[in-house]
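> Sequence:
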Amino acid sequence: MLFQEEQVILVIIAGSALMLLLGVFIISFMLIYQKKQNKNLLERENLKASFKQEMLKTQIEIQEQTLNDISREIHDNITQVLSFVKLNLGLLNNSLDEEKKARVNENRELVSQTINDLRNLSKSMSFEHISSQGLIKTLETETDRLTRSGIINVAFEVEGDVYSLGEQRELVIFRIFQEAVNNTLKYAKAANLKIGLYYTAQMFNLLIEDDGAGFNTEKVDNKGGSGLRNIENRAALVGADVIITSSPGKGCQIKLSFNPLVQQIYAKGTHSNSLS
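If you read the sequence shown in the numbering used here, its first letter stands for residue 1, the second for the next number, and so on.
No lab work stands behind these hints, which were simulated from the structure alone.
Careful: at least some of the hints might be erroneous.
What the hints assert, rightly or not - Straight-line alpha carbon distances no greater than 27 Å define the calculated DSS-like cross-link-like pairs of lysine-lysine that follow:
(1) Lys123 <-> Lys137
(2) Lys123 <-> Lys39
(3) Lys123 <-> Lys101
(4) Lys100 <-> Lys86
(5) Lys250 <-> Lys186
(6) Lys101 <-> Lys137
(7) Lys189 <-> Lys219
(8) Lys189 <-> Lys101
(9) Lys255 <-> Lys194
(10) Lys255 <-> Lys189
(11) Lys186 <-> Lys219
(12) Lys86 <-> Lys36
(13) Lys194 <-> Lys250
(14) Lys194 <-> Lys123
(15) Lys219 <-> Lys123
(16) Lys86 <-> Lys137
(17) Lys255 <-> Lys186
(18) Lys123 <-> Lys100
(19) Lys123 <-> Lys186
(20) Lys250 <-> Lys189
(21) Lys137 <-> Lys219
(22) Lys137 <-> Lys100
Unchecked claim - The following label-pair restraints were derived from C-beta to C-beta distances:
(23) Lys35 <-> Asp161: 43 to 49 Å
(24) Gly196 <-> Arg44: 39 to 45 Å
(25) Glu109 <-> Asn192: 27 to 33 Å
(26) Gln178 <-> Gln202: 26 to 32 Å
(27) Asn192 <-> Ile243: 16 to 22 Å
(28) Thr147 <-> Leu42: 55 to 61 Å
(29) Lys186 <-> Ile136: 22 to 28 Å
(30) Asn40 <-> Asp144: 53 to 59 Å
(31) Ile70 <-> Ser257: 29 to 35 Å
(32) Ser164 <-> Lys186: 27 to 33 Å
(33) Gly23 <-> Gln202: 27 to 33 Å
(34) Leu91 <-> Gln168: 46 to 52 Å
(35) Leu10 <-> Leu31: 19 to 25 Å
Don't be surprised by glycine CBs; every beta carbon is placed ideally from N, CA and C.
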């Protein structure tokens with residue numbers, strides 16, 4: 001009788017141990033399976049993000065190539081034709097009376113101003129020119145030109161010890177500046193525009209702010225503003241965070257920032273860029 005009881009106890013212990021081992025096995029299997037699933041999901045997300053990154057990069061490269069082609073066309077062809085027109089007007093002056101000479105000279109001045117404007121436009125499109133001048137000098141030239149035009153008053157300031165951000169990043173920042181200025185001139189009806197570059201050892205900040213009409217960011221976010229999307233896409237290309245803040249009647253503010261020591265790319269399916 002005692003022997004049978006001991007056998008029952010042993011069977012119960014053995015059964016319990018077997019159930020425990022089976023439970024451990026099931027839990028271990030589920031953990032391994034979940035880990036593998038998470039790894040596969042992460043790999044798919046990384047592949048998706050890499051595809052988006054390559055598509056975005058290709059789009060930007062095509063835009064840059066187009067701008068460079070237009071820049072060369074303006075510089076090599078259009079300005080040369082206008083220079084020839086200006087020269088012919090000068091030769092024509094020799095056979096005219098004083099009144100007609102004055103009119104021809106006025107037209108020569110207009111042609112000359114057009115040539116200068118086209119050359120400046122050509123430079124602003126050219127990656128080589130932006131690269132050789134550097135970000136600060138290029139932005140100074142553009143902001144001075146905008147102020148001289150009388151269309152808008154631009155305040156430009158730089159704070160901190162200036163350092164190179166790298167050609168790609170500086171080109172992206174300049175294109176974001178151009179896109180923001182274009183939006184301001186086209187839609188904002190602003191009188192003043194502020195451009196600020198702020199350098200610290202572990203952070204670079206760009207501020208673009210106008211006092212124009214502003215807009216409802218929710219409507220823009222839902223319908224998609226191509227200019228603002230271009231800004232966000234370019235920022236994402238170099239791993240920068242950008243926050244666009246606006247409301248009707250209160251102007252628009254664009255803040256871009258990134259750590260210059262981190263060579264980050266758009267490595268996730270979503271990015272912290274946002275309209276607010």
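> Decide, hint by hint, whether the structure agrees.
Hint check results:
For the given pair, Lys123 sits about 12 Å from Lys137 by alpha-carbon distance, which is consistent with the 27 Å threshold. About 48 Å separates the Cα atoms of Lys123 and Lys39, which puts this hinted pair outside 27 Å; it is violated. At most 27 Å may separate the alpha-carbon atoms for a hinted pair to count; Lys123 and Lys101 exceed this at roughly 33 Å. Proximity of Lys100 to Lys86 is assessed by CA-CA distance (about 15 Å); at most 27 Å being required, the pair is judged to hold.
Between the alpha carbons of Lys250 and Lys186 the distance comes to roughly 16 Å, so the proposed pair stays at or under 27 Å and holds. A hinted pair counts as satisfied when its Cα atoms are at most 27 Å apart, and Lys101 with Lys137 does not qualify at roughly 39 Å. Distance hint between Lys189 and Lys219 is fulfilled; the C-alpha atoms sit about 19 Å from each other, no more than 27 Å. Annotation: proposed proximity of Lys189 to Lys101 is violated, straight-line Cα distance about 39 Å (limit 27 Å).
For the proposed pair Lys255 and Lys194, the alpha carbon gap of about 12 Å is at most 27 Å, so the pair holds. With a CA separation close to 20 Å, the supplied pair Lys255 and Lys189 stays within the 27 Å bound. With a C-alpha separation of about 18 Å, the suggested pair Lys186 and Lys219 falls inside the 27 Å cut-off, and the hint holds. A threshold of 27 Å between alpha carbons decides the hint, and for Lys86 with Lys36 the separation of about 73 Å lies outside it, so the pair is violated.
With a CA separation close to 14 Å, the supplied pair Lys194 and Lys250 stays within the 27 Å bound. A C-alpha spacing of about 22 Å is found between Lys194 and Lys123, which places the hinted pair at or below 27 Å, so the restraint holds. For the hint pairing Lys219 with Lys123, the CA-to-CA distance comes to about 35 Å; that exceeds 27 Å, so the pair is violated. Only pairs whose Cα atoms come within 27 Å are accepted, and Lys86 paired with Lys137 is rejected, the gap being roughly 30 Å.
Under the criterion of a C-alpha separation no larger than 27 Å, the hint pairing Lys255 with Lys186 is consistent with the structure, at around 20 Å. Between Lys123 and Lys100, the direct Cα distance comes to roughly 35 Å. Violation of the 27 Å bound is thereby established for this hinted pair. As the CA atoms of Lys123 and Lys186 are separated by approximately 21 Å, the hinted pair is consistent with the 27 Å bound. For the given pair, Lys250 sits about 12 Å from Lys189 by alpha-carbon distance, which is consistent with the 27 Å threshold.
With a CA separation close to 36 Å, the supplied pair Lys137 and Lys219 exceeds the 27 Å bound. A threshold of 27 Å between alpha carbons decides the hint, and for Lys137 with Lys100 the separation of about 42 Å lies outside it, so the pair is violated. For Lys35 and Asp161, the Cβ-Cβ distance of about 47 Å falls inside the hinted range of 43 to 49 Å, so the restraint holds. For the hinted restraint 39 to 45 Å between Gly196 and Arg44, the CB-CB distance of approximately 40 Å keeps it satisfied.
Restraint check, Glu109 to Asn192: a C-beta distance of roughly 30 Å satisfies the suggested window 27 to 33 Å. Between Gln178 and Gln202 the CB atoms are about 27 Å apart, so this pair conforms to the stated range of 26 to 32 Å. Separated by about 21 Å at the C-beta atoms, Asn192 and Ile243 satisfy the suggested range of 16 to 22 Å. With their beta carbons about 50 Å apart, Thr147 and Leu42 fall outside the hinted range of 55 to 61 Å.
Between Lys186 and Ile136 the C-beta distance comes to about 26 Å, which sits within the given range of 22 to 28 Å. The hinted range of 53 to 59 Å is satisfied by Asn40 and Asp144, whose Cβ atoms lie roughly 55 Å apart. For the hinted restraint 29 to 35 Å between Ile70 and Ser257, the CB-CB distance of approximately 31 Å keeps it satisfied. A beta carbon spacing of about 31 Å between Ser164 and Lys186 agrees with the range 27 to 33 Å that was offered as a hint.
A hinted range of 27 to 33 Å is violated for the C-beta pair Gly23 and Gln202, which are about 50 Å apart. In this structure the hint that Leu91 and Gln168 lie 46 to 52 Å apart at CB holds, the actual value being about 47 Å. Between Leu10 and Leu31 the Cβ separation comes to about 31 Å, which falls outside the hinted range of 19 to 25 Å.
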